[in-house]
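Could you build the full structure based on these sequences and the hints that come with them?
Here the UniProt record's numbering is used: position 36 in the sequence shown is 36, and no number is missing along the way.
Treat the hints as calculated values from the structure; they're not laboratory data. Quantities reported herein were computed from a predicted structural model and do not represent experimental measurements. Built from N, CA and C at the ideal position, the CB exists for glycine as well. Check the hints yourself; a few may be wrong.
The list that follows gives simulated cross-link-like pairs (lysine-lysine, DSS-like), each with its CA atoms no further than 25 Å apart [stated by the list, open to error]:
hint, residue 1, residue 2
1, Lys136, Lys97
2, Lys294, Lys194
3, Lys257, Lys273
4, Lys40, Lys153
5, Lys168, Lys194
6, Lys152, Lys40
7, Lys257, Lys194
8, Lys153, Lys8
9, Lys161, Lys273
10, Lys8, Lys152
11, Lys2, Lys136
12, Lys153, Lys9
13, Lys97, Lys72
14, Lys166, Lys152
15, Lys166, Lys218
16, Lys153, Lys2
17, Lys2, Lys152
18, Lys8, Lys99
19, Lys161, Lys42
Between beta-carbon pairs, the in silico distance windows are [what the hints assert, rightly or not]:
hint, residue 1, residue 2, range
20, Tyr206, Gln53, 33 to 41 Å
21, Lys166, Asp58, 42 to 50 Å
22, Lys166, Gly245, 43 to 51 Å
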Amino acid sequence: MKIPPFLKKGDTIAIVCTARKFMPEEAKPAIDLLESWGLKTKLGRTIGLDSCQFGGTDAERAADLQEQMDDKNIKAIWCARGGYGTVRIIDLLDFTKFKENPKWIMGFSDVTVLHSHLNTLGIASLHSIMPFTVPKASDTVKRTFYDALFGKKLEYVIPSKDYNLKGKAKGELVGGNISILYSLLGSKSSIDTKGKILFIEDLDEYLYHLDRMMYNIKRNGYFENAKGIIVGSMSDMHDNEIPFGQNGVQIIVAIAKEYNIPIAFDFCAGHQKDNRTLVLGSQVELEVNDNEVKLMFKN
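Now the structure itself:
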């Protein structure tokens with residue numbers, strides 16, 4: 001796994017739209033944050049474009065991302081916001097130069113398309129806040145983003161839940177938004193979870209949708225060879241008038257418990273205010289005990 005170079009003061013980060021539109025005035029909090037860390041910002045050509053819900057046409061979004069990927073003066077790329085649209089451009093991109101000179105690509109939610117594709121290429125990336133979410137991010141969350149970008153040590157310790165499945169595991173951290181992971185199954189962007197620790201999160205889904213997604217990724221071997229599972233926020237889940245009969249935790253436990261691997265629920269990442277940065281592709285150690293959950297990054 002290639003770990004892109006960590007940033008230093010004076011480096012430039014490009015902000016681009018890979019999915020929903022994002023206006024220049026919305027970028028100010030993110031620019032201010034980066035400048036407070038001694039970094040420079042370049043707004044991509046897609047910032048301010050308006051093509052229905054997208055930040056430009058597919059061709060425009062792909063061209064902007066390609067430009068920043070190939071520009072040697074750009075040291076990291078920050079996706080402006082999620083929503084939907086990154087999968088529409090992934091096959092328009094040429095990663096030839098990027099594989100030779102990788103740089104950090106950051107974001108979450110719909111950006112899972114890029115995280116997954118990069119993982120298949122052997123390149124690490126950052127599951128992090130985005131410019132759109134900077135105004136609501138806490139200082140703690142911002143600090144984890146800073147630490148990840150500048151190569152500082154990351155270690156998270158949170159209280160354990162009664163419904164966690166206890167255990168220890170070591171392996172490469174992979175994953176992201178479960179709806180996106182589910183949608184990529186069978187494609188060249190689908191991740192391999194063998195010997196790895198899988199992170200999943202989502203929001204605004206019906207419980208039966210979650211059940212269907214869990215069964216499908218199970219049938220595709222995602223749990224059979226995994227070393228552990230980390231479940232981030234499962235926010236704003238819905239039920240039908242006739243109840244499904246299980247909540248999100250119960251759905252996941254019922255499907256994954258047979259593999260006898262540690263599962264940590266309610267982890268501090270995903271569609272929630274406490275969305276701390278994860279280095280996807282990094283080697284990690286996971287410990288889930290009665291009192292706490294520890295996640296330690298090794299590179």
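Looking at the structure, which of the earlier hints fail to hold?
-> Failing hints, ascending: 1, 3, 11, 14, 19, 20, 22.
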